[in-house]
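Participant: As a plain string of letters, each chain reads:
Protein chains: 2
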Amino acid sequence: MTERTVYCGLVNDQYLGKEITLKGWVQKRRDLGSLIFVDLRDREGFCQVVFNTERLSKEDFELANLIRSEYIIEVTGELAKRADDQINPQIKTGRYELYANSLTIYSRAKTPAIYIENDLDVDEEVRLRNRMLDLRRPKMQANIRLRHKVTRTIRNYLDERGFIDVETPMLTKSTPEGARDYLVPTRREGGAFFALPQSPQLFKQLLMGAGIDRYYQIVKCFRDEDLRGDRQPEFTQVDIETSFLSQREIQGYIEEMLKEVVKETRGISIQEAFPTMTYAQAMEEYGTDKPDIRFDMKLKDLSQWAKTSEFGVFKNTVSNGGQVKAINLKGLADEYTRKTADALVDIVKPYKAKGLAWVKVLEDGFNGPIAKFFNGEDQVLIKKRLEAEKGDILFFVADQKDVVASSLGALRNHLAKKHALYDTAELAFLWVTDWPLFEYDDETQRYVAMHHPFTAPQNDDVEALKENPADAKAKAYDIVLNGYEVGGGSLRIYQREMQDQMFELLGFTDEEARKQFGFLLEGMDYGFPPHGGIALGLDRLVMILAQEPNIREVIAFPKNGRGHDLLTDAPSIVSMDQLAELHLKLKGSD
Amino acid sequence: MTERTVYCGLVNDQYLGKEITLKGWVQKRRDLGSLIFVDLRDREGFCQVVFNTERLSKEDFELANLIRSEYIIEVTGELAKRADDQINPQIKTGRYELYANSLTIYSRAKTPAIYIENDLDVDEEVRLRNRMLDLRRPKMQANIRLRHKVTRTIRNYLDERGFIDVETPMLTKSTPEGARDYLVPTRREGGAFFALPQSPQLFKQLLMGAGIDRYYQIVKCFRDEDLRGDRQPEFTQVDIETSFLSQREIQGYIEEMLKEVVKETRGISIQEAFPTMTYAQAMEEYGTDKPDIRFDMKLKDLSQWAKTSEFGVFKNTVSNGGQVKAINLKGLADEYTRKTADALVDIVKPYKAKGLAWVKVLEDGFNGPIAKFFNGEDQVLIKKRLEAEKGDILFFVADQKDVVASSLGALRNHLAKKHALYDTAELAFLWVTDWPLFEYDDETQRYVAMHHPFTAPQNDDVEALKENPADAKAKAYDIVLNGYEVGGGSLRIYQREMQDQMFELLGFTDEEARKQFGFLLEGMDYGFPPHGGIALGLDRLVMILAQEPNIREVIAFPKNGRGHDLLTDAPSIVSMDQLAELHLKLKGSD
Numbered sequence: 001m002t003e004r005t006v007y008c009g010l011v012n013d014q015y016l017g018k019e020i021t022l023k024g025w026v027q028k029r030r031d032l033g034s035l036i037f038v039d040l041r042d043r044e045g046f047c048q049v050v051f052n053t054e055r056l057s058k059e060d061f062e063l064a065n066l067i068r069s070e071y072i073i074e075v076t077g078e079l080a081k082r083a084d085d086q087i088n089p090q091i092k093t094g095r096y097e098l099y100a101n102s103l104t105i106y107s108r109a110k111t112p113a114i115y116i117e118n119d120l121d122v123d124e125e126v127r128l129r130n131r132m133l134d135l136r137r138p139k140m141q142a143n144i145r146l147r148h149k150v151t152r153t154i155r156n157y158l159d160e161r162g163f164i165d166v167e168t169p170m171l172t173k174s175t176p177e178g179a180r181d182y183l184v185p186t187r188r189e190g191g192a193f194f195a196l197p198q199s200p201q202l203f204k205q206l207l208m209g210a211g212i213d214r215y216y217q218i219v220k221c222f223r224d225e226d227l228r229g230d231r232q233p234e235f236t237q238v239d240i241e242t243s244f245l246s247q248r249e250i251q252g253y254i255e256e257m258l259k260e261v262v263k264e265t266r267g268i269s270i271q272e273a274f275p276t277m278t279y280a281q282a283m284e285e286y287g288t289d290k291p292d293i294r295f296d297m298k299l300k301d302l303s304q305w306a307k308t309s310e311f312g313v314f315k316n317t318v319s320n321g322g323q324v325k326a327i328n329l330k331g332l333a334d335e336y337t338r339k340t341a342d343a344l345v346d347i348v349k350p351y352k353a354k355g356l357a358w359v360k361v362l363e364d365g366f367n368g369p370i371a372k373f374f375n376g377e378d379q380v381l382i383k384k385r386l387e388a389e390k391g392d393i394l395f396f397v398a399d400q401k402d403v404v405a406s407s408l409g410a411l412r413n414h415l416a417k418k419h420a421l422y423d424t425a426e427l428a429f430l431w432v433t434d435w436p437l438f439e440y441d442d443e444t445q446r447y448v449a450m451h452h453p454f455t456a457p458q459n460d461d462v463e464a465l466k467e468n469p470a471d472a473k474a475k476a477y478d479i480v481l482n483g484y485e486v487g488g489g490s491l492r493i494y495q496r497e498m499q500d501q502m503f504e505l506l507g508f509t510d511e512e513a514r515k516q517f518g519f520l521l522e523g524m525d526y527g528f529p530p531h532g533g534i535a536l537g538l539d540r541l542v543m544i545l546a547q548e549p550n551i552r553e554v555i556a557f558p559k560n561g562r563g564h565d566l567l568t569d570a571p572s573i574v575s576m577d578q579l580a581e582l583h584l585k586l587k588g589s590d
Numbered sequence: 001m002t003e004r005t006v007y008c009g010l011v012n013d014q015y016l017g018k019e020i021t022l023k024g025w026v027q028k029r030r031d032l033g034s035l036i037f038v039d040l041r042d043r044e045g046f047c048q049v050v051f052n053t054e055r056l057s058k059e060d061f062e063l064a065n066l067i068r069s070e071y072i073i074e075v076t077g078e079l080a081k082r083a084d085d086q087i088n089p090q091i092k093t094g095r096y097e098l099y100a101n102s103l104t105i106y107s108r109a110k111t112p113a114i115y116i117e118n119d120l121d122v123d124e125e126v127r128l129r130n131r132m133l134d135l136r137r138p139k140m141q142a143n144i145r146l147r148h149k150v151t152r153t154i155r156n157y158l159d160e161r162g163f164i165d166v167e168t169p170m171l172t173k174s175t176p177e178g179a180r181d182y183l184v185p186t187r188r189e190g191g192a193f194f195a196l197p198q199s200p201q202l203f204k205q206l207l208m209g210a211g212i213d214r215y216y217q218i219v220k221c222f223r224d225e226d227l228r229g230d231r232q233p234e235f236t237q238v239d240i241e242t243s244f245l246s247q248r249e250i251q252g253y254i255e256e257m258l259k260e261v262v263k264e265t266r267g268i269s270i271q272e273a274f275p276t277m278t279y280a281q282a283m284e285e286y287g288t289d290k291p292d293i294r295f296d297m298k299l300k301d302l303s304q305w306a307k308t309s310e311f312g313v314f315k316n317t318v319s320n321g322g323q324v325k326a327i328n329l330k331g332l333a334d335e336y337t338r339k340t341a342d343a344l345v346d347i348v349k350p351y352k353a354k355g356l357a358w359v360k361v362l363e364d365g366f367n368g369p370i371a372k373f374f375n376g377e378d379q380v381l382i383k384k385r386l387e388a389e390k391g392d393i394l395f396f397v398a399d400q401k402d403v404v405a406s407s408l409g410a411l412r413n414h415l416a417k418k419h420a421l422y423d424t425a426e427l428a429f430l431w432v433t434d435w436p437l438f439e440y441d442d443e444t445q446r447y448v449a450m451h452h453p454f455t456a457p458q459n460d461d462v463e464a465l466k467e468n469p470a471d472a473k474a475k476a477y478d479i480v481l482n483g484y485e486v487g488g489g490s491l492r493i494y495q496r497e498m499q500d501q502m503f504e505l506l507g508f509t510d511e512e513a514r515k516q517f518g519f520l521l522e523g524m525d526y527g528f529p530p531h532g533g534i535a536l537g538l539d540r541l542v543m544i545l546a547q548e549p550n551i552r553e554v555i556a557f558p559k560n561g562r563g564h565d566l567l568t569d570a571p572s573i574v575s576m577d578q579l580a581e582l583h584l585k586l587k588g589s590d
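Quick mapping for you: the protein sequence lines, in order, are chains A and B.
My numbering numbers the first residue of the first sequence as 1 and each following residue consecutively.
My numbering numbers the first residue of the second sequence as 1 and each following residue consecutively.
Please keep in mind that the hints were generated in silico from the structure rather than gathered at the bench.
Among the clues, some could well be false.
Identical copies carry no separate label here, and so any pair may be met within one copy or between two of them.
[To be verified] List time: in silico DSSO-like cross-link candidates among lysine-lysine, alpha-carbon distance up to 27 Å:
#	residue 1	residue 2
1	LYS139	LYS339
2	LYS352	LYS315
3	LYS110	LYS515
4	LYS28	LYS339
Computed from a prediction, not measured in an experiment: that's the story for all the values here.
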């Protein structure tokens with residue numbers, strides 16, 4: 001085995017006229033009788049190799065004749081400039097070709113199950129089953145390397161500022177609060193289970209109690225939730241915690257770090273501070289707690305007007321405590337027929353909206369199924385409120401407040417994407433702050449923590465919290481990027497009295513709190529400093545930086561949408577012996 | 001909350017005469033009536049704070065009176081030089097004291113369950129139960145930070161050389177080969193289980209097949225083995241794999257990286273190449289595959305001589321295919337009475353040695369229970385062979401080869417430690433190479449892979465492998481430090497034909513091989529480059545660098561020796577509902 005001189009994709013003038021050795025995968029082979037051309041690929045790119053009978057021994061030329069796509073070979077030869085008319089300006093090394101003097105074939109290859117090309121029109125399941133081949137595609141290689149660049153930038157940023165990388169346990173305690181745990185049965189303690197961590201939350205708080213002062217970890221977390229497009233059973237979190245810093249200081253570090261990541265990976269220097277919006281404003285104007293601010297089209301509240309409207313549906317909804325809100329799709333009325341506009345109701349239905357109303361704005365008034373309900377004054381008012389003019393189309397939802405928000409928020413995102421109202425390369429960060437401390441859980445009819453039960457309230461007047469839990473605000477902050485939540489953080493409760501009262505407000509008995517969080521409470525008894533932090537979703541962040549549509553594109557070996565690993569076929573059946581050792585049996589297996 | 005000016009442990013001349021703010025934990029408080037002295041601690045060290053009634057408001061002085069050990073406080077005041085006779089040269093900041101102008105108490109604290117001091121005489125279980133307090137001890141903080149420094153150095157080294165950090169799955173497929181898996185039951189696929197990875201071995205090989213070329217990951221791995229002092233159910237591996245490199249090149253990178261780690265963490269520049277020893281030599285001269293070469297005391301083979309010895313036990317052992325070997329504890333004969341020398345048999349008993357014989361070397365001959373069996377010629381021969389002289393004491397074991405090796409190897413380590421024959425601060429790296437490819441498993445009466453079934457043989461003549469499996473050598477290399485295996489690596493099989501034959505030699509049916517490793521075999525069909533790598537045990541490496549006796553000292557939240565987390569009390573019982581969702585029930589729970 002000769003040492004590689006340089007990667008295929010990095011050959012340059014310094015090697016011209018020299019004998020060099022390349023190693024890589026055969027992308028393509030063209031056969032011209034006594035001449036064989038091969039595009040040789042490695043992780044850095046391509047180099048054209050020429051095999052001819054003049055330079056090669058008879059044996060080696062015969063070998064060259066055997067080469068097929070995806071064979072892995074080593075070639076030693078002389079690097080030359082291509083003739084002017086042979087230059088390929090599309091690729092970095094398009095000015096060179098290597099005249100082979102000798103050849104080694106390391107591995108032959110079956111005809112690949114998928115083409116090793118960026119533009120691949122094949123079902124994702126086929127890609128996942130053939131992930132090794134899929135990862136050979138330059139685009140996937142770029143995604144994997146981008147991911148590494150992101151983590152490296154984050155690590156460098158935090159290392160330089162005194163953050164200490166501390167590993168927390170993967171085999172830990174099951175805590176029923178939050179999402180469902182993945183459990184790990186044990187052999188030594190029959191009937192006892194570890195849980196895989198949903199996040200290192202409690203451990204990082206203990207590390208603050210231990211005086212680590214600044215902690216971080218890039219760490220796998222696990223939630224046995226029902227899966228959605230951008231969820232995986234295991235995901236990676238950039239977990240950060242600090243002591244003695246204010247919310248402003250913590251946000252400052254995270255913002256600076258994210259700017260550094262954007263600069264290193266996308267070459268963009270973001271100069272301005274990330275905008276900030278309260279949770280209330282986000283819900284009011286965007287119908288979501290993670291607004292995509294790359295485009296406008298804000299939700300406008302028409303409830304005041306609707307009270308006096310002639311349109312019974314609007315009027316009644318407001319009288320019954322609901323809302324009427326609308327958005328304005330500017331200048332695109334002509335894109336819609338009555339049929340296609342009506343069809344948009346399918347976008348809002350999953351959010352339980354009972355209907356979607358719309359009008360087009362013409363030169364001389366509104367047009368559409370419900371236009372007749374708007375008198376002249378209505379039209380003036382609404383045009384003013386929605387900054388509407390000829391050529392716009394307005395969409396209305398009348399419903400309960402949360403339904404209006406989620407359905408119009410979803411429609412807003414749908415329309416913006418459909419009509420390309422934003423630059424897909426843009427990166428629009430946004431802080432969302434002043435979150436409610438609690439949310440009401442209809443199922444259990446009680447208040448639950450909106451983030452987690454360790455989030456500090458903005459007002460530590462416990463009586464006030466008790467009286468008005470719905471109005472209580474948390475010292476919590478989310479970082480949103482292009483409409484995705486990429487991170488959430490808060491200042492934490494650091495005093496035992498407050499934590500006890502929080503558990504009480506959340507309906508925990510002392511017994512329950514002690515059983516689940518005893519070690520945290522005991523830690524607090526020995527003193528916690530004021531502390532707070534954040535957890536960023538690495539998969540999602542990289543997905544957005546890579547401009548990919550889902551996180552599976554930035555994970556080397558992901559599960560599919562049903563949580564199954566198609567490459568290794570996991571999860572899978574294990575032997576009865578294995579189960580017996582764990583003191584378990586399957587239900588219905590007697 | 002005022003911003004911290006500087007860490008307590010980092011105050012220096014530049015702050016003299018200035019008003020600064022410190023935050024930290026109260027180490028100690030001394031009360032002199034109108035003067036209160038406090039040693040304030042943070043992660044960087046200590047600073048003395050003086051509270052007096054001149055500077056402080058009455059309220060703040062009263063507050064200062066409330067302070068107890070481990071309270072967390074913020075102090076703003078003026079930094080001054082101590083009077084010459086007050087300087088404490090033991091600590092970095094011993095020349096300074098801070099005259100407090102104001103005081104905030106963030107957290108009170110119960111009397112700590114353990115002292116926050118380096119020298120702590122308390123049961124380890126108490127420390128583990130109170131791990132947050134334990135981690136406040138400067139020594140533990142230093143260990144945790146050393147660990148981070150090691151990973152940072154490794155990452156920087158590998159990043160600079162084009163290694164790509166790729167995350168592999170934590171929820172993966174159970175493969176019965178190797179140690180016992182930790183299983184993770186699934187809710188969505190009843191009766192199916194994920195397994196936690198024992199190592200990312202197969203995935204990193206696929207990454208080589210995908211053309212990643214250079215991969216690394218610092219990653220948690222899991223083995224459900226019976227625990228020993230330096231084992232944990234979860235442990236951290238520095239996992240590395242490369243394509244197209246020779247064994248020499250791979251070892252070169254690892255060696256350079258480890259030298260960098262030693263330099264960064266211990267300030268030692270190792271100039272010489274790490275010594276190399278074959279497996280056969282290690283077993284022959286040290287009785288172990290991980291020799292501690294900080295001291296000599298090699299095992300000497302006396303079997304040739306024993307054949308003709310008058311000592312029946314020795315003679316018969318050799319006639320029955322066994323060995324007689326001895327070590328020489330130089331100059332320490334006087335340390336042993338007959339009783340204490342005889343008692344050393346307890347050291348070799350766990351290794352199944354039937355006995356331990358010894359003689360002291362006197363001016364005029366051997367002395368001891370078996371001295372009479374050595375005639376004059378014997379004594380000359382043995383003194384020559386063991387380089388023995390007056391004052392030495394020689395220990396003999398006569399037994400089967402493997403018993404001799406393990407028992408004398410263990411005795412050698414025991415004696416060296418007991419008599420401090422090495423400098424505990426020394427770092428003695430050693431490569432052990434030319435490993436057997438197979439080892440014979442008495443239980444199943446077949447050959448099994450000594451490393452794993454993907455290790456490349458040195459001789460790829462399959463017929464030869466079949467005929468003499470016991471003699472087959474692997475392209476495998478271990479890195480040993482101070483008698484601990486800190487890493488093991490190999491070149492891998494990269495061609496399907498060889499891998500098939502290897503599985504056949506190991507007694508796998510085609511069906512079994514396909515079921516367990518099908519995705520690897522299929523990958524090979526699409527072509528693997530020549531590749532190889534290594535896995536380093538991070539916990540053990542850091543333990544040795546920190547000069548700690550066990551890996552729990554360098555893990556923030558370890559399990560105890562029985563695999564239980566005393567801090568959180570995990571594993572623990574989970575609810576029947578949780579089990580039911582996983583389609584499981586406990587055995588005997590009907």
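Participant: None of the hints should be skipped; say for each whether it holds.
Facilitator: Checked hints:
1. Taking CA atoms no more than 27 Å apart as the test, LYS139 paired with LYS339 passes in neither setting, with 39 Å inside one copy and 73 Å between copies.
2. In this homomeric assembly, LYS352 and LYS315 come within 27 Å of each other (Cα to Cα) only inside a single copy, at 19 Å, whereas the closest approach across copies is 91 Å.
3. Only between protomers do LYS110 and LYS515 lie at most 27 Å apart by alpha-carbon distance; the minimum there is 20 Å, versus 57 Å within a single protomer.
4. Taking the shortest alpha-carbon separations for LYS28 and LYS339, neither the intra-copy value of 49 Å nor the inter-copy value of 79 Å comes in at or below 27 Å.
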